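Turn these sequences into a full structure, and let the hints guide you.
Next come the chains, spelled out residue by residue.
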Amino acid sequence: MRRLIRGVLVILVLSVVLGTIVNFPLIRRFAAGEFKQGFVDLREYEGIRFITLAETEDLFARRMQGAEGLLFVDSRSLEDFAAGHIPGALSIPLEEVQHSGKPEAGQDWGRMIDFPGAQVLVIYCEGGDCQTSISLAKLIHDRGYQDIRIFSGGWAEWSAAGLPEEKAQ
Amino acid sequence: MECGRPPRGKSAVIRNRWLLLFLRIIVGGVFIWAGALKIADPLAFAQSIKNYQVFPNALAFLIAVFLPWVEVLSGAFLMIGFYRRSSALLISLLLIGFIGLVALALARGVDTSCGCFGSFSRRADLSLILTDAVLLVFALVVFFARPSGQSD
Numbered sequence: 001m002r003r004l005i006r007g008v009l010v011i012l013v014l015s016v017v018l019g020t021i022v023n024f025p026l027i028r029r030f031a032a033g034e035f036k037q038g039f040v041d042l043r044e045y046e047g048i049r050f051i052t053l054a055e056t057e058d059l060f061a062r063r064m065q066g067a068e069g070l071l072f073v074d075s076r077s078l079e080d081f082a083a084g085h086i087p088g089a090l091s092i093p094l095e096e097v098q099h100s101g102k103p104e105a106g107q108d109w110g111r112m113i114d115f116p117g118a119q120v121l122v123i124y125c126e127g128g129d130c131q132t133s134i135s136l137a138k139l140i141h142d143r144g145y146q147d148i149r150i151f152s153g154g155w156a157e158w159s160a161a162g163l164p165e166e167k168a169q
Numbered sequence: 001m002e003c004g005r006p007p008r009g010k011s012a013v014i015r016n017r018w019l020l021l022f023l024r025i026i027v028g029g030v031f032i033w034a035g036a037l038k039i040a041d042p043l044a045f046a047q048s049i050k051n052y053q054v055f056p057n058a059l060a061f062l063i064a065v066f067l068p069w070v071e072v073l074s075g076a077f078l079m080i081g082f083y084r085r086s087s088a089l090l091i092s093l094l095l096i097g098f099i100g101l102v103a104l105a106l107a108r109g110v111d112t113s114c115g116c117f118g119s120f121s122r123r124a125d126l127s128l129i130l131t132d133a134v135l136l137v138f139a140l141v142v143f144f145a146r147p148s149g150q151s152d
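Chains as they are written, first to last, in my numbering: chain E, 1 to 169; chain G, 1 to 152.
Some hints here could point you the wrong way.
What the hints assert, rightly or not - Pairwise CB distance ranges, derived in the manner of DEER restraints:
#1 E/Ala83 - G/Ile80: 50 to 60 Å
#2 E/Gly69 - G/Arg108: 34 to 44 Å
#3 E/Gln119 - G/Leu93: 41 to 51 Å
#4 E/Val16 - G/Pro56: 12 to 22 Å
#5 G/Ile25 - E/Val22: 18 to 28 Å
As the list claims (entries may be wrong) - Per the computed footprint, the stretches of chain E lying under chain G, defined by three or more beta-carbons under 8 Å from a beta-carbon of chain G, are:
#6 1 to 7
#7 18 to 26
#8 37 to 51
#9 126 to 139
Note that these hints are calculated values from the structure, not bench results.
It should be emphasised that the depicted structure is a prediction, and the values quoted were computed from it without experimental measurement.
Where a beta carbon is used, it is the ideal one built from N, C-alpha and C, also for glycine.
Now the structure itself:
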């Protein structure tokens, strides 16, 4: 029994030591306040940044005034999108992108996340702890898009603020 | 206190050293592989943990930083037979936790990738629970087994 407990402690202590040593720079960045909005290394994904509701509203107003190259992308499920979304947003459900077809259907992914003419992409999901906007932003970034803004407040914050909504297209 | 030898006849199978070695290699190998993939990209793993919508930010980060090392070390120890029962116990506890987490995600309708194997991860679904359950049985067999001629 003692050997059993000793073994468990050995593994746990070694894990803490190794984890700390290997991830020390990352731990320092976390302690300094990074990654609060999402676990994205913005040094690696330079084209991605997080935006507030006010900034999203501003971009939405510009889009409504006919600004070119500005696209809103909704990464939630098709059902959620149909129930209500930011007017003019494009539905790209992350689950469909990731699980569509066979694992080797990389081309399908590419087709779904290709936005000709778009320069600024605003991506949102449900809000709260939802992560699909971040995952989709990374995929889009990997496709070469360089200005991707994640509205972390998401649909919850948008609808709570009483902003314009659109139902199923 | 250590348990005595199992009653005669009960565990001819789980006293088979070759079978136990086979199980240790399978379970240990899976854990080394799973842990190594997560160690390679702790932020992606942290995000996977957040996907389950159970843990707060700081806890998700700490799990992402330390848990993969527990997986790799337990897996490696289990394979080489160093602190065999301790590693099997830790792995069993982890698997119970994983099963619970995936079951919770399914019950709440959270659609997420499991995050188990880094970018090779698949959807957190029933088949994943079954896979984890099989690994859990293997790990428990190793934990409770008393290979002939071996004290620990």
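Going through the earlier hints one by one, which of them does the structure break, listed in rising order?
Of the numbered hints given earlier, the structure breaks none, since each of them holds.
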